[in-house]
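Asks: If you read the sequences in order, they're chains A and B.
Mapped onto my numbering, the consecutive letters of the first sequence carry residue numbers 1 to 383.
Mapped onto my numbering, the consecutive letters of the second sequence carry residue numbers 1001 to 1260.
If you are wondering where the hints come from, they were derived from the structure by calculation, not from laboratory data.
Do not take every clue at face value.
Subject to a maximum C-alpha distance of 27 Å in a straight line, what follows is the list of computed BS3-like cross-link-like pairs (lysine-lysine) [unchecked claim]:
id: 1; chain 1: A; residue 1: Lys-18; chain 2: B; residue 2: Lys-1049
id: 2; chain 1: A; residue 1: Lys-10; chain 2: B; residue 2: Lys-1031
id: 3; chain 1: B; residue 1: Lys-1153; chain 2: B; residue 2: Lys-1049
id: 4; chain 1: B; residue 1: Lys-1256; chain 2: B; residue 2: Lys-1049
id: 5; chain 1: B; residue 1: Lys-1197; chain 2: A; residue 2: Lys-10
id: 6; chain 1: A; residue 1: Lys-262; chain 2: B; residue 2: Lys-1031
id: 7; chain 1: B; residue 1: Lys-1107; chain 2: A; residue 2: Lys-30
id: 8; chain 1: A; residue 1: Lys-106; chain 2: B; residue 2: Lys-1241
id: 9; chain 1: B; residue 1: Lys-1145; chain 2: A; residue 2: Lys-18
id: 10; chain 1: B; residue 1: Lys-1191; chain 2: A; residue 2: Lys-108
id: 11; chain 1: A; residue 1: Lys-13; chain 2: B; residue 2: Lys-1200
id: 12; chain 1: B; residue 1: Lys-1200; chain 2: B; residue 2: Lys-1055
id: 13; chain 1: B; residue 1: Lys-1049; chain 2: A; residue 2: Lys-117
id: 14; chain 1: A; residue 1: Lys-376; chain 2: A; residue 2: Lys-314
id: 15; chain 1: B; residue 1: Lys-1191; chain 2: A; residue 2: Lys-107
id: 16; chain 1: A; residue 1: Lys-18; chain 2: B; residue 2: Lys-1197
id: 17; chain 1: A; residue 1: Lys-200; chain 2: A; residue 2: Lys-137
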Amino acid sequence: MDYLLTDEQKMIKDLAHKIAEEKIRPVAAKYDISEEYPWEVLKVMGESDMFGLFIPEEYGGFANSTMNLCLATEEFSRACGGIAVCYAASALGTIPIVLFGTDEQKKKYLPDLASGKKVAAFAVTEPEAGSDASGIKTVAKKVGDHYVLNGLKHFITNGGDAETYVVIAMTDKTKGARGATAFIVEKGTPGFTFGKKEDKFGIRASSTRELIFTDCKIPAANLLAKEGMGFIVTMRTFDMSRPGVAAQALGIAQGALELSVKYVHERVQFGKPISTFQGIQWMIADMATEVEAARGLVYSTARMVDAGIKDVSKESAMAKMYASDVAMKVTVDALQLFGGYGYMKDYPIEKYVRDAKITQIYEGTNQVQRGIIALKIIKEMAK
Amino acid sequence: MNIIVCIKQVPETTEVRINPETNTLMREGVKSIINPFDMYAIEEAVRLKERFGGKISVVTMGPPQADSALREAISMGADEGFLVCDRAFAGSDTWATSYTLAGAIKKLGVFDLIICGKQASDGDTAQVGPGISTHLNIPQVTYVKKVEEATDKSMRLERMLEEGYEIIETPLPALLTVVKEINEPRIPSLKGLMRAKSAKITTLTQKELNLDPQQIGLCGSPTQVVKIFTPTPRVGGQILKGEIPDIAKELVDLVKGEVN
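Turn these sequences into a full structure, and let the hints steer you where they fit.
Replies: Given below as structure tokens:
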């Protein structure tokens, strides 16, 4: 389907495609096994200006565009969902600074993030605060011109490898959600250490780690937005980044589809390629149609965000939920098309199933997304 | 350091078909790319520029569509592109091509270094680079695998041999041809692609270069492609057994028989 991309968007997509094919695909299996952080690939992405896609030009970026971010993430994810998430998670950690940072904060942090010299991470999740972000227990207490952070974040993507963290902590527990505040915390700050690194089912090239804050003193200048705006920062960030997660799911689905179409064409049974069998053809037709439908949702949502439409929470939720459900179904079907070979680690397809699963879970489970969508629709109807 | 990089646009696939009647490449439906060996030349030029500053000019001789190869080189970090393009240059062999490119390079002015890929993936002659240096009367170092030291006056290079390498020092200006061991060509940046898109490519025709008409194009080409074919594989071979003096005699007889 032709999405009438601009010349600039085509250029971004083509360049991301080249990086995916030349630099990501050849090392995808290696990082899936070793669970090392793929610095060599991130360096290439940085040199190619890919981290600048979600950062405004005046801070060393290329443009602040969700559509650009989606195009790049989709292409990277076609080759490896794990390496792609290292990139997308840096976007997630950068977006709150782009949205809410002061000019000074932007000047200090964004140029290094735009060049890929440093990567970012966003830290909301805690052991008892997953989908329910109001359960956050990490606290930040103001002492003079500093804040002192105490608490534990977990499941933080890019944790340990990122240099720049946006951390949500409670400045006033009595106010509930309105008592949360966002802070920029640099790696190396005394009192900021890293805990357990998770051993994951999929996206294994990305690091997922605990962040531990023990009397961690950070300057008041690192406060992002205002005290009490932590949840607004989080929600606005997720609204912008959710199309990115959707694009990740879309890319994983697209990648699995391409591999399986190639495979059924080559695999001969009963004297002919299995692509000649109707049972196989119908599966391919369904998979391709679902991927295309997901793409339509993702691109439309990204374009809404870029057009400056403020309330995109329903569309963002739809794109994320649908694309990730499609990714799960399409990758499982792709493995089915590979038959017994698909179940073996010698073939690349089982990794796509593992990489797809997380997209239904993180940045709000698909059950939470359905809740957002339903509430919004009911509210709209009641108007 | 002012560097000139000579590149060639070639068909992408290694399985190019030959039209058996005309002995020419069947280019239909085949994507054109920069000769892979020239990518290393561009990369090395960009690395030298990053170290010493200066300017990189990329030159190619070819049809108008070779414009895209020059733009790709600019996206990787070259500064300007020159397309040597004229019907009068058509049908050039390696002699005429190197003469024409040398003429274009003279037109570009002062330079410190010329870098070429070791050979083109379509013709595989490896003659154009050395040819250019001969026409320009500057030193050449072929099959360079490493730049050990470089100043604006001279270079110390590792030159690849079949077994091992040799170290060569050359004054500048000089011409190098490079092998793939020298570097890993970069992926262009988005900013580079943007710059390349709007870059001005200068076309140089025979009118501007005013070259000796007897040395350009088909009539300036002493070699001619008469036939392109895959050589038939050599078969058999014979192992002689016995005492050495007997084998020697037998071998001499056999060779004599072959010659006669």
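Asks: Against each hint, give a clear statement of whether it holds in the structure.
Replies: Structure-based check of all given hints:
1. A:Lys-18 - B:Lys-1049: holds, 25 Å
2. A:Lys-10 - B:Lys-1031: Judged against 27 Å, a Cα distance of about 18 Å means the pair holds.
3. B:Lys-1153 - B:Lys-1049: holds, 15 Å
4. B:Lys-1256 - B:Lys-1049: This hinted pair is violated, its Cα atoms lying about 60 Å apart.
5. B:Lys-1197 - A:Lys-10: Since the Cα atoms of Lys-1197 (chain B) and Lys-10 (chain A) sit roughly 13 Å apart, the hinted pair holds (cutoff 27 Å).
6. A:Lys-262 - B:Lys-1031: holds, 21 Å
7. B:Lys-1107 - A:Lys-30: The given pair, whose Cα atoms are some 50 Å apart, is violated under the 27 Å limit.
8. A:Lys-106 - B:Lys-1241: violated, 83 Å
9. B:Lys-1145 - A:Lys-18: It holds: about 26 Å lies between the C-alpha atoms, which stays within 27 Å.
10. B:Lys-1191 - A:Lys-108: The given pair, whose Cα atoms are some 22 Å apart, holds under the 27 Å limit.
11. A:Lys-13 - B:Lys-1200: The given pair, whose Cα atoms are some 24 Å apart, holds under the 27 Å limit.
12. B:Lys-1200 - B:Lys-1055: holds, 15 Å
13. B:Lys-1049 - A:Lys-117: holds, 22 Å
14. A:Lys-376 - A:Lys-314: holds, 6 Å
15. B:Lys-1191 - A:Lys-107: Given pair Lys-1191 (chain B), Lys-107 (chain A) holds - Cα atoms ~20 Å apart, limit 27 Å.
16. A:Lys-18 - B:Lys-1197: holds, 17 Å
17. A:Lys-200 - A:Lys-137: Cα-Cα ~25 Å, so holds.
Hint check: violations occur at hints 4, 7, 8; the rest are consistent with the structure.
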